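*Asks:* Using the sequences provided together with the hints, build the complete structure.
Residue numbers (this note's numbering), protein chains in the order written: chain A, 3 to 654; chain B, 3 to 654.
Each hint should be verified, as a subset may be incorrect.
[To be verified] So, partial list: chain B residues that the calculated Cβ filter (under 8 Å) puts toward chain A: (1) G46; (2) D149; (3) Y179; (4) A232; (5) N273; (6) P274; (7) Q316; (8) E400; (9) A414; (10) T425; (11) N535; (12) K604.
Hints in this document: simulated from the structure, not taken from any laboratory. All values reported here derive from a predicted model rather than from experimental measurement. Cβ coordinates follow ideal geometry from the N, Cα and C atoms, glycine included.
Read off the chains here:
2 protein chains.
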Amino acid sequence: MATTSVPENIDTDVLRSLLDGRWAHIRQMARQSLRGELFAPVHGLTVEEHRERVARQLREIAATEVPRLGFSTAHGGAEDVGGSVVAFEMLVCDLSLMVKVGVQWGLFGGAIQALGTERHHAAYLPAVMSLELPGCFAMTETGHGSDVQRLRTTATYDPATEEFVVHTPDPTARKDYIGNAARDGRVAVVFAQLVTAGERHGVHALLVPIRDEQGRPMPGVRIEDCGHKAGLNGVDNGRLEFDRVRVPRTALLDRYGRVAADGGYSSPIDNPRRRFFTMLGTLVRGRVSVAGGAGSAAKAALAIAVRHAESRRQFTRPGSAEEVRLLDYLAHQRRLLPALATTYALHFAQEELVGRLHDASVGEPTSERERRELESQAAGLKAVATWHASATIQACREACGGAGYLSENRLAQLRADTDVFTTFEGANTVLLQLVAKGLLTHYRDEFGSLDTLGTVRLLTGRFFEAVIERTAARTLVDRLVEAAPGRDEEADLYDRGWQYRLLEDRERHVLEGLARRLRRAGREGEDAFEVFNNAQDHVLRAARVHVERTVLEAFIAGVDRCADPDVRNLLERVCDLYALSTIEADRAWFLEHGRLTPARSKAVTAAVNALCGSLRPHARALVDGFGLEQEWLAAPIAGGPGEGTAVGAAVS
Amino acid sequence: MATTSVPENIDTDVLRSLLDGRWAHIRQMARQSLRGELFAPVHGLTVEEHRERVARQLREIAATEVPRLGFSTAHGGAEDVGGSVVAFEMLVCDLSLMVKVGVQWGLFGGAIQALGTERHHAAYLPAVMSLELPGCFAMTETGHGSDVQRLRTTATYDPATEEFVVHTPDPTARKDYIGNAARDGRVAVVFAQLVTAGERHGVHALLVPIRDEQGRPMPGVRIEDCGHKAGLNGVDNGRLEFDRVRVPRTALLDRYGRVAADGGYSSPIDNPRRRFFTMLGTLVRGRVSVAGGAGSAAKAALAIAVRHAESRRQFTRPGSAEEVRLLDYLAHQRRLLPALATTYALHFAQEELVGRLHDASVGEPTSERERRELESQAAGLKAVATWHASATIQACREACGGAGYLSENRLAQLRADTDVFTTFEGANTVLLQLVAKGLLTHYRDEFGSLDTLGTVRLLTGRFFEAVIERTAARTLVDRLVEAAPGRDEEADLYDRGWQYRLLEDRERHVLEGLARRLRRAGREGEDAFEVFNNAQDHVLRAARVHVERTVLEAFIAGVDRCADPDVRNLLERVCDLYALSTIEADRAWFLEHGRLTPARSKAVTAAVNALCGSLRPHARALVDGFGLEQEWLAAPIAGGPGEGTAVGAAVS
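*Replies:* Set out below in structure tokens:
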């Protein structure tokens with residue numbers, strides 16, 4: 003039905019329960035336990051005070067169920083990977099704590115779990131969970147972040163002593179931006195080029211002690227503090243340099259590569275590229291977690307900005323002394339409500355991704371192709387969700403004016419803390435290129451991740467047809483698409499099948515066009531780098547439109563799970579706003595490719611405006627549905643302390 | 003000629019000299035004097051340390067020519083308003099210092115100069131210039147920022163004692179976010195509703211002492227600290243509340259409104275609305291300054307990011323061991339180079355605006371219409387330049403990856419400091435609406451600034467035709483437009499006349515469409531607020547496209563001033579990139595309105611890519627042309643201390 007109307011009364015408990023989803027119990031636990039002075043958001047601390055506070059919070063969390071979630075039951079874990087990701091994303095009271103939890107139990111502990119073998123698990127996991135052993139994940143170097151294959155730290159095996167010699171050959175090989183390194187970490191999982199018997203075997207990970215029990219750097223280890231950062235100053239990022247540091251042979255996390263006492267190398271995966279990407283693939287949980295954390299920060303910012311926009315008034319209506327609430331202005335709605343709709347869409351996409359990650363980690367071993375799809379989905383959502391969070395929190399800050407600039411209102415900190423989310427756990431631009439390569443190769447290439455040349459060569463020989471996989475709500479989406487009118491101009495703008503088909507058609511067209519472009523250039527013998535580089539904007543677009551389509555699919559599936567007719571009706575309108583504002587943002591493409599007529603394109607803009615107006619009365623219910631505790635928001639403009647004096651004032 | 007080629011050798015001195023423009027001597031003075039430890043950018047200070055440092059810097063500047071620039075020669079000033087704005091924008095070493103300078107000599111001193119009379123000038127200006135008298139500009143209140151007419155602080159005249167009673171009637175009337183209030187200010191220019199003999203005369207400004215010589219709050223004055231902010235923590239923002247504070251009758255800055263000893267009110271401007279907007283209009287200098295400051299911050303960020311992108315390498319070319327410089331990637335060029343081109347365009351627009359402001363303040367009295375045009379130009383450029391700075395610094399941060407997140411590399415601070423520029427000195431959304439109203443009324447309405455109802459009513463009665471005034475390079479632009487082919491499809495994309503005509507035509511169409519829409523609704527008797535609000539996106543668009551057109555005009559005029567053929571040729575390409583990336587960003591509109599065919603729209607995107615490629619070798623020269631001192635950039639990744647070790651490292 004062509005309508006933007008929504009029901010009047012929304013039960014926010016129903017809404018919250020739907021959003022809480024499969025790991026509702028973890029969310030509830032977080033709401034009950036992250037309370038009181040220790041977990042209250044604070045601001046204006048010095049770096050040292052902030053680090054100390056986060057360390058205290060971390061110790062408190064170490065005593066709960068949370069650290070166990072991500073580890074195998076054999077060593078005291080709860081083997082609830084989905085729960086561990088959800089627990090991470092709930093730490094919105096201070097994103098420094100969120101990241102510190104991620105470093106200790108996600109990256110550091112996760113690497114031992116995923117890359118180590120039984121010996122490492124038994125020896126380390128209990129102390130990792132209890133926080134007796136705080137650690138680091140030392141992958142990035144000053145000279146190489148995105149290009150992990152070219153890391154320069156070396157681990158050279160010495161059969162005489164049965165030790166590895168870990169070494170930083172030059173300053174670009176220094177480990178950089180390493181969380182937990184500047185203050186707390188005692189051991190680091192160090193990624194290094196493994197060398198044995200004069201032969202290089204590519205990047206492997208080793209456990210290297212960096213501090214003794216008294217916190218002094220170990221001999222040969224140089225530790226530097228990265229110092230003050232734009233945000234996340236509760237996390238002690240540092241730099242590590244190794245001067246021929248010796249560790250025993252058992253320090254190698256050897257699930258994917260072993261070195262025998264005599265220096266002989268063996269691996270269950272013969273092909274070195276495949277081995278490398280298999281090892282990297284185990285890090286997928288980190289990316290899923292970051293996408294979730296970005297989502298939480300966007301939700302918190304929207305909750306603050308919407309509450310403020312509902313109470314704050316500015317300028318009178320003509321002919322009236324009554325001042326207008328900010329959220330009644332179209333420009334204000336435009337700033338906040340499409341961002342709110344997209345936050346909902348990403349929430350459902352995240353929920354689905356966490357479920358897939360969880361099922362892949364606890365059930366039957368998955369195929370390599372399935373693993374690659376999951377990695378690709380995680381990479382794409384991480385990129386889109388973190389950019390969305392940056393833009394949304396920024397819009398919220400501006401929508402709160404000068405009040406938004408004061409630290410007491412939290413937006414400044416949320417903005418600064420999340421800013422690096424677009425960079426760490428894989429720079430977004432690099433991640434989107436991985437997604438595009440996966441789509442171009444149908445996840446079928448030999449090694450898990452072709453390089454540029456390989457991708458161009460692979461495409462050169464073959465006919466390419468885009469495969470659009472409907473995964474989240476396959477049957478439902480099939481039905482919706484089939485029910486949509488065949489001719490686009492006849493379809494109602496609010497027809498979900500039409501909206502979906504438009505995004506699906508765009509994905510296919512962009513991808514096939516890209517494949518043709520690369521194949522043609524490849525055939526004509528052009529330089530592979532130039533070919534790929536000249537198409538880089540096309541490559542990024544292919545990934546982005548793919549993610550946007552899959553996010554809509556997840557939103558459709560999420561709405562379909564809602565049994566309450568009023569809430570469902572509301573969510574249908576929110577889904578309309580996501581779909582139509584996504585189409586609007588890219589309407590130039592739809593016009594250029596004859597997918598929208600000019601008149602219909604203008605109608606899309608009008609529909610977005612209309613939806614903003616009809617969702618405006620429900621903005622508060624929609625942010626309440628996120629279920630963020632009032633004390634986590636902690637902003638006077640969002641109803642925290644101080645609000646009463648400023649708003650409920652009598653007129654003299 | 004349809005070309006994207008540029009000459010090989012660029013003389014950056016010539017480029018810098020062109021950019022330095024009319025106030026080159028001020029820029030040179032800044033380069034020579036803002037040096038050494040005292041003016042070195044720092045980070046990670048506590049709020050108190052930062053405030054103390056900025057106060058020391060301010061005292062140093064008080065001893066220079068800078069404070070005198072903005073004041074009349076009669077009281078020791080230099081009466082060089084343009085110079086004062088340029089001096090402000092050069093303070094890029096610490097934007098807290100920039101803002102503090104702006105508060106003391108621009109807002110506080112400027113208000114005394116513009117709103118006071120001879121008595122105030124003689125009594126206060128020397129002490130303002132010397133910094134003996136630090137002061138505040140207390141306009142914004144907790145409850146009213148954008149809507150200055152509805153401020154709630156009162157100044158009630160008591161003829162018995164010949165005093166004004168300044169009072170804060172309720173907490174929403176508290177003066178908020180006031181720079182210089184929390185720590186240093188001794189006097190505030192307080193904007194309040196003037197009441198005498200029981201009659202209200204609207205908002206006027208009075209000098210109110212807030213601290214004694216020992217820094218203690220004056221009786222009846224309550225001062226609160228706004229505390230930690232997202233940025234600008236070297237500026238001591240505070241809140242002021244007045245409990246029936248008495249000041250003498252002479253405290254009223256009475257250029258536009260006088261109160262006689264008996265309480266009789268008189269003003270040279272009878273109409274209260276016109277009086278109000280005349281008073282507000284004197285604040286135009288602040289907006290021009292903020293636009294300039296935003297430009298400087300964007301330039302500094304680009305200088306850092308371009309230098310980094312020229313030296314940093316990541317990933318190898320296929321079949322080669324050589325790693326690729328970041329700036330060779332199309333996606334990286336896309337991030338930085340259109341932003342660089344727009345920064346150039348805005349520089350020339352700013353240069354022209356400063357010139358107009360200067361000439362209006364030192365020459366013959368200008369007409370009310372000219373003043374309104376200047377105010378509108380300042381409002382529009384302030385909005386566009388500050389949003390551009392936010393987006394550009396953000397892009398630079400992301401383009402520098404993890405290094406961009408470290409405070410030592412300055413981008414974090416530049417981003418955080420400038421964030422509030424979009425809000426203060428007029429929230430951008432409000433400013434753009436002022437611009438649109440000016441365009442709709444041809445600056446001819448009676449009162450200087452019609453309200454919503456007035457605008458709708460004014461339009462209802464009349465036929466509206468958009469007037470596109472070519473001001474910056476009238477003859478030249480006329481010639482270019484005439485020389486462009488009559489049929490758009492025949493025009494070369496690089497034809498400046500065609501580019502300009504496209505922007506001009508868009509401006510006319512958007513504005514006339516908006517006028518028709520408002521008139522129609524007005525005739526049909528719809529609610530004026532609803533009519534205007536439903537068109538708010540259209541209103542904002544009208545202002546934006548107007549500014550974009552005038553900025554292109556200024557860029558064309560700037561290039562025309564360049565005598566060096568190579569530099570001129572380079573700037574022509576930069577101007578192409580500004581024009582075409584501006585068209586590209588809004589190509590949906592051009593497609594929707596039949597101004598671009600789909601094929602031509604795609605060609606615009608291809609041209610932007612091609613221009614990025616051809617300008618890439620000159621990116622360094624273009625940022626060097628800004629003439630920012632190396633020590634102001636102070637980022638290790640931009641060649642500061644530390645760069646050598648990380649980049650020039652030997653391979654072991």
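*Asks:* Going through the numbered hints above, which ones does this structure break? Give me the numbers in ascending order.
*Replies:* 5, 6
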